[in-house]
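J.: Sequence lines, in order, name chains A and B. Residues 2 to 174 in this note's numbering are what the first sequence spells out, letter by letter. Residues 2 to 114 in this note's numbering are what the second sequence spells out, letter by letter.
What you were told as hints is all true, and nothing was included just to trick you.
Take a look, some chain A residues computed to stay more than 10 Å from chain B by CB distance: (1) Asp28; (2) Arg53; (3) Leu102; (4) Leu134.
Covered stretches of chain B (in silico footprint by chain A; criterion: 3 or more residues with CB under 8 Å from a CB of chain A, positions within the stretch not fixed): (5) 49-56; (6) 74-87.
Treat the hints as calculated values from the structure; they're not laboratory data. Predicted, not measured: the structure shown is a model, and the values here were computed from it. From the three backbone atoms N, C-alpha and C, an ideal C-beta is built for every residue, glycine too.
As a plain string of letters, each chain reads:
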Amino acid sequence: MNTETELQRRVQDFLDRVAAHLGPAPDDEKRELLSDLESHIHEALESRLSGRKAAPEDLQAVLAEMDPPESYGEPAEGQRPAGSGKRTLGLTALCISLGSLLVAMLLAALVYILVSPRTSGLLEMMTWIPAFLFFAGQITALVLGILSWSSPFGKAAVITSSALIALTVLLAT
Amino acid sequence: MRSWVTQLRKGLLEFCVLNVLSKGESYGYELVRRLEGLQELAITESTVYPILNRLRKDGYVRVRVAVSGFGPPRRYFSLTALGTRRVQEMNAYWDDLCSSVGTLRKRDMKENS
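Chain A extracted, bound-state conformation:
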């Protein structure tokens, strides 16, 4: 394979990787963007060469200076609100904390109705299910809350789940 073919293959490979990240944009917009990028690569390559023939290392250097293909699939810098991922994670943690409390309380009430003093065995074991769900939910919320501490929801999740765990342990002992 000669150098020129190899360079073309690498340019096409880069463009294919960009195209794979472009998402649901109309085809003509994708074509225009890829055409602009192809021109950009050639212009950048030419500006490095000052007359000499391009080598694969030159193209490698040009591509290394450009934004990675993945950046074309995300909103441009700043378009995604900073910390939105943490906010979502924090909100999820808070929902898990409060949700597991609610589910555990409902299940506890159900188990209390179903398990009469005379029943034993399998049904009696069900009394542990609400407690297990409650603690599993609170610990998950606590971990997710710590991971998203920088968001207000993360802080709220950590405080809520810690307070609920502490309160439950205090009441149980």
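With chain A held as given, fit chain B onto it using these hints.
T.: This is chain B only, laid out in the frame that chain A set:
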């Protein structure tokens, strides 16, 4: 602070692209290099090309294709009449905004001193 800066940069991207084109037509690579020179704005090709295509679609920018000495044809971008009006309006608003914020900051500094 970082979030505020990125939001501000985002709002200024289109403004900067239109202002560069108000000085005359330019092709993609040249335009990106000129904008990359504004280091505070951290503008790169992955933000410029989508904006150029959107501006063209919205009728603010037109494209002229010309043969290049190397590689694929160059696409030259220039402002339409609508684009020229748009950048004039944006510049006027920017001047007013800077003046208002400047006045506010001076007044606050006087009150604090």
